[in-house]
Amino acid sequence: MRHDHLITSKQLSRADIETVLDRAAEIDADPEAVADRHANALLGLLFFEPSTRTKMSFETAMKRLGGDVVDMGSVESSSVKKGETLADTVRVIEGYTDALVLRHPKQGAAAMASEFVDVPLLNAGDGAGHHPTQTLLDLYTIQENAGLDDLTIGIMGDLKYGRTVHSLAYALTNFDTRQHFISPESLQLPREVVYDLHQQGEDTQIREHDALEPVLSSLDVLYVTRIQRERFPDEEEYQKVAGEYQIDTETLEAASDELTVMHPLPRVDEIAPEIDDTDYAAYFEQAHNAVPVRMALLDLFLRDHGTGTGTRTGAATATADAANGDGGEADE
Amino acid sequence: MRHDHLITSKQLSRADIETVLDRAAEIDADPEAVADRHANALLGLLFFEPSTRTKMSFETAMKRLGGDVVDMGSVESSSVKKGETLADTVRVIEGYTDALVLRHPKQGAAAMASEFVDVPLLNAGDGAGHHPTQTLLDLYTIQENAGLDDLTIGIMGDLKYGRTVHSLAYALTNFDTRQHFISPESLQLPREVVYDLHQQGEDTQIREHDALEPVLSSLDVLYVTRIQRERFPDEEEYQKVAGEYQIDTETLEAASDELTVMHPLPRVDEIAPEIDDTDYAAYFEQAHNAVPVRMALLDLFLRDHGTGTGTRTGAATATADAANGDGGEADE
Amino acid sequence: MRHDHLITSKQLSRADIETVLDRAAEIDADPEAVADRHANALLGLLFFEPSTRTKMSFETAMKRLGGDVVDMGSVESSSVKKGETLADTVRVIEGYTDALVLRHPKQGAAAMASEFVDVPLLNAGDGAGHHPTQTLLDLYTIQENAGLDDLTIGIMGDLKYGRTVHSLAYALTNFDTRQHFISPESLQLPREVVYDLHQQGEDTQIREHDALEPVLSSLDVLYVTRIQRERFPDEEEYQKVAGEYQIDTETLEAASDELTVMHPLPRVDEIAPEIDDTDYAAYFEQAHNAVPVRMALLDLFLRDHGTGTGTRTGAATATADAANGDGGEADE
Numbered sequence: 001m002r003h004d005h006l007i008t009s010k011q012l013s014r015a016d017i018e019t020v021l022d023r024a025a026e027i028d029a030d031p032e033a034v035a036d037r038h039a040n041a042l043l044g045l046l047f048f049e050p051s052t053r054t055k056m057s058f059e060t061a062m063k064r065l066g067g068d069v070v071d072m073g074s075v076e077s078s079s080v081k082k083g084e085t086l087a088d089t090v091r092v093i094e095g096y097t098d099a100l101v102l103r104h105p106k107q108g109a110a111a112m113a114s115e116f117v118d119v120p121l122l123n124a125g126d127g128a129g130h131h132p133t134q135t136l137l138d139l140y141t142i143q144e145n146a147g148l149d150d151l152t153i154g155i156m157g158d159l160k161y162g163r164t165v166h167s168l169a170y171a172l173t174n175f176d177t178r179q180h181f182i183s184p185e186s187l188q189l190p191r192e193v194v195y196d197l198h199q200q201g202e203d204t205q206i207r208e209h210d211a212l213e214p215v216l217s218s219l220d221v222l223y224v225t226r227i228q229r230e231r232f233p234d235e236e237e238y239q240k241v242a243g244e245y246q247i248d249t250e251t252l253e254a255a256s257d258e259l260t261v262m263h264p265l266p267r268v269d270e271i272a273p274e275i276d277d278t279d280y281a282a283y284f285e286q287a288h289n290a291v292p293v294r295m296a297l298l299d300l301f302l303r304d305h306g307t308g309t310g311t312r313t314g315a316a317t318a319t320a321d322a323a324n325g326d327g328g329e330a331d332e
Numbered sequence: 001m002r003h004d005h006l007i008t009s010k011q012l013s014r015a016d017i018e019t020v021l022d023r024a025a026e027i028d029a030d031p032e033a034v035a036d037r038h039a040n041a042l043l044g045l046l047f048f049e050p051s052t053r054t055k056m057s058f059e060t061a062m063k064r065l066g067g068d069v070v071d072m073g074s075v076e077s078s079s080v081k082k083g084e085t086l087a088d089t090v091r092v093i094e095g096y097t098d099a100l101v102l103r104h105p106k107q108g109a110a111a112m113a114s115e116f117v118d119v120p121l122l123n124a125g126d127g128a129g130h131h132p133t134q135t136l137l138d139l140y141t142i143q144e145n146a147g148l149d150d151l152t153i154g155i156m157g158d159l160k161y162g163r164t165v166h167s168l169a170y171a172l173t174n175f176d177t178r179q180h181f182i183s184p185e186s187l188q189l190p191r192e193v194v195y196d197l198h199q200q201g202e203d204t205q206i207r208e209h210d211a212l213e214p215v216l217s218s219l220d221v222l223y224v225t226r227i228q229r230e231r232f233p234d235e236e237e238y239q240k241v242a243g244e245y246q247i248d249t250e251t252l253e254a255a256s257d258e259l260t261v262m263h264p265l266p267r268v269d270e271i272a273p274e275i276d277d278t279d280y281a282a283y284f285e286q287a288h289n290a291v292p293v294r295m296a297l298l299d300l301f302l303r304d305h306g307t308g309t310g311t312r313t314g315a316a317t318a319t320a321d322a323a324n325g326d327g328g329e330a331d332e
Numbered sequence: 001m002r003h004d005h006l007i008t009s010k011q012l013s014r015a016d017i018e019t020v021l022d023r024a025a026e027i028d029a030d031p032e033a034v035a036d037r038h039a040n041a042l043l044g045l046l047f048f049e050p051s052t053r054t055k056m057s058f059e060t061a062m063k064r065l066g067g068d069v070v071d072m073g074s075v076e077s078s079s080v081k082k083g084e085t086l087a088d089t090v091r092v093i094e095g096y097t098d099a100l101v102l103r104h105p106k107q108g109a110a111a112m113a114s115e116f117v118d119v120p121l122l123n124a125g126d127g128a129g130h131h132p133t134q135t136l137l138d139l140y141t142i143q144e145n146a147g148l149d150d151l152t153i154g155i156m157g158d159l160k161y162g163r164t165v166h167s168l169a170y171a172l173t174n175f176d177t178r179q180h181f182i183s184p185e186s187l188q189l190p191r192e193v194v195y196d197l198h199q200q201g202e203d204t205q206i207r208e209h210d211a212l213e214p215v216l217s218s219l220d221v222l223y224v225t226r227i228q229r230e231r232f233p234d235e236e237e238y239q240k241v242a243g244e245y246q247i248d249t250e251t252l253e254a255a256s257d258e259l260t261v262m263h264p265l266p267r268v269d270e271i272a273p274e275i276d277d278t279d280y281a282a283y284f285e286q287a288h289n290a291v292p293v294r295m296a297l298l299d300l301f302l303r304d305h306g307t308g309t310g311t312r313t314g315a316a317t318a319t320a321d322a323a324n325g326d327g328g329e330a331d332e
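Chains A, B and C, in that order, are what the protein sequence lines are. If you're matching positions, the first sequence starts at 1 in the UniProt record's numbering and goes up one per residue. If you're matching positions, the second sequence starts at 1 in the UniProt record's numbering and goes up one per residue. If you're matching positions, the third sequence starts at 1 in the UniProt record's numbering and goes up one per residue.
In isolation and in its complexed conformation, chain A is listed as follows (with noise of 0.2 Å):
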């Protein structure tokens, strides 16, 4: 893999995917192995927003390597609050560190701070954008369990502002796939994804429904998200529609055996808790795969770094979205 830095899933190849896949599943079967490869090597946070997750296996995976993580801590305790530029903050927090992971409200903010820095950063959501790290852990847990290509994938729930779902569609169409899109019309894909799905992917196929129930059967995997109660204008209108895209063991007498049940978490009701101990259920162990993904990934940018500087890894520059709509799910 030759990028700088991590920006969004697109500028990701089919080899790229399958050496990031690959080294994860190295590390899964030995994580011993690389329990002391990045000693001394420290990992800057920068969290513009709140997350768990993606945060605390970033961390895990960092110390996993032997390495380390100096956290900016919440905006509210930061120099943010002082007016300070996102270019700034990131331009002195390099000189810490060997490597940067930065989630930010805005779309494109990703790019923007990797312009200002010389060691790989790594993008773990910007807004409506991207969020690359939780599209290859999705992509492991899928491969793992039903493999990646010749899939049927059924994705369901908000498409409209999902960066997850946008960033994983986008990826699969390196994939023979064929992906059925559910929603309720209001939550829809924006027409621009489509339009790019489509112009990706030769081999991919594209469907869009508002039931699950036509498509269940044909599933390999139904990646179920988070609908956002804020999204609507009253609570009335939210539970009804929530409601029909929430899945219990009732509606999965319909699917087939193998289906794999992916949800990057947090959920709500969109699961009942009755599927959490049936073989359906992966979102668990998808979580868990964050762990040897990020692992593999902070293992492939550290790679050519020797510890503890900050000189320039790979060749190729990362291509960018910088695109500057604000706002955006905070899916994590």
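Just so you know, the hints here were simulated from the structure itself, not pulled from any lab data. In this text, a Cβ means the ideal position worked out from N, Cα and C, and glycines have one as well.
Over the 12 Å line for every Cβ pair with chain A, so calculated as not near, a few chain B residues: (1) K106; (2) K160; (3) R231; (4) D257.
Mimicking EDC-like on lysine to aspartate or glutamate, the simulated pairs with C-alpha atoms at most 20 Å apart in a straight line are: (5) B/K82 to A/E237; (6) A/K160 to A/D196; (7) C/K82 to B/E49; (8) B/K82 to A/E230; (9) B/K240 to B/E270; (10) B/K82 to A/D269; (11) C/K82 to B/E236; (12) B/K82 to A/D234; (13) A/K82 to C/E230; (14) C/K160 to C/D210; (15) C/K82 to B/D269; (16) B/K82 to A/E235; (17) C/K82 to B/D234; (18) A/K160 to A/D234; (19) A/K82 to C/E236; (20) B/K82 to A/E270; (21) A/K160 to A/E185; (22) B/K106 to B/E76; (23) C/K82 to B/E235; (24) B/K10 to B/D176; (25) C/K160 to C/E208; (26) B/K160 to B/E270; (27) A/K82 to C/E237; (28) B/K10 to B/D149; (29) A/K82 to C/D234; (30) C/K82 to B/E237; (31) A/K240 to A/E213; (32) A/K82 to A/E49; (33) B/K82 to A/E236; (34) C/K82 to B/E230; (35) C/K82 to B/E270; (36) A/K82 to C/E49; (37) B/K160 to B/E237; (38) A/K10 to A/D196; (39) B/K82 to A/E49; (40) C/K160 to C/D196.
Given chain A, work out where chains B and C should sit, using these hints.
Just chains B and C now, with coordinates in the frame of chain A:
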């Protein structure tokens, strides 16, 4: 010690307690011997309530064993805000770490959470419920200063809401102790606690008092707790009550020269600073004992775990108090 | 260097300063040589005020020495909220760690706290008081860029509230310097600071100005500080004053080609981004120098400490300024 989790001091036999205290004493005598014992092990810190001492001393203990921690951070910066259940949160985070420490405002939370995880879970306080690691460091301090058998102890202050006090009193019933409880009537031990203490300890004598003076001279240990302002309907009532349960050098004129004064800290006005440099004062020592005692506990619970894995350690299941009450003292 | 604690730059002799800067230069030249020097040592971080840079760079420094940190976290999540005194807090936490770093809003806090602890305590800013580690990294940056003797320095911006400025000005009196202070009249150096500077430094020349232009061409170093909005009664007044003390490439046309521009960061509008890529700019280098300089300080203060113990290091007691004023700049 054969427990999967540490939920309450009630689950600990006298032999269990002695195992922990002996290990703590060994560690205290030669901390270097264990400085790398749990290298590569990770402890997950889940504090759903503020804490300084408990959290910092667990973190210190893990690091003094060569391991490291991964901290969920405050509830405000976590997925809990998005409506995630405690069961989901612990199931995700156990996948990152080799053991968990949980502080939660709801009584019974630790017992409930422990049912969902395979790694050892240590209760660091569950509302008005239990705080067994505090109890063990209290016992260690008593043992070092006065011995645990043939002990006369006075426990003074807020005995109604103080989980520290209830946990300690239960644990002391494993030993030959005379326990004097000194408090204003409105903050007496709950009747069910008194009942339980009588049931448990054959060799335990329980007495309740509304003043320190009648028993002071007989005490080997005086354990003082904070009377919390927020327990009182008005400031005047608080000032009146709090003032009667404060100690200074004048108060202690009637005490034995061998008296050991303890306090779980933080203190406000319960113990005058003039006591700090006397031989009575053991409360800073008590605070520092948090490190060897929590090191001993982590060492015992991580003992049978391979590095970096999450396989189950012990045999027996924790006897857990799954009561559902809220509130309780944030005693640290 | 023979000090128990580092409280103020006033306590540092020229020899002390040279010891720190020499050690920092050694570390900068070969960071790997010290990568495990303080393995197993723990540094306690007590930040009672927000900070990004100071805290992160101390954490980085400790980890680059092979050690680790234990962080009290924000005041909101700590026992301080329960009314604990600073003296109690530091006495508890010194029992966990091998050294302490303290940032506190009250002037004199570090000096007071240091009287209660046996481990080395480093002042990371006490209100309008002192910030000696910032001063040392400023001196290091000056030495690397312009040399510390026969130096002409301009210090511009908020000179009234800036503890960074006062600490630096005092420290520079140990060297042969000409100091020009440039500020609006309302933000001039306090008269007692001017008096003290005259008293201390035989070889120091002090001049005050209300504009940069007359002195710019003579400067080896221009040290710019932030003018804080909150110091002004109304926005209009702030805008007027702030605008006069901003620099851009046009401003610098009259400067020497050898001029070094410094800033403690964060900046808001004081230095135009167009300066960033010129040879004048040393402020990001200055920020990065925080790591080797703080590594040098930690190394010197931990030097005589056994691993994992809390025994006292030096001989002399810190000359501490126990003044009691509040407020002051959170200049980081």
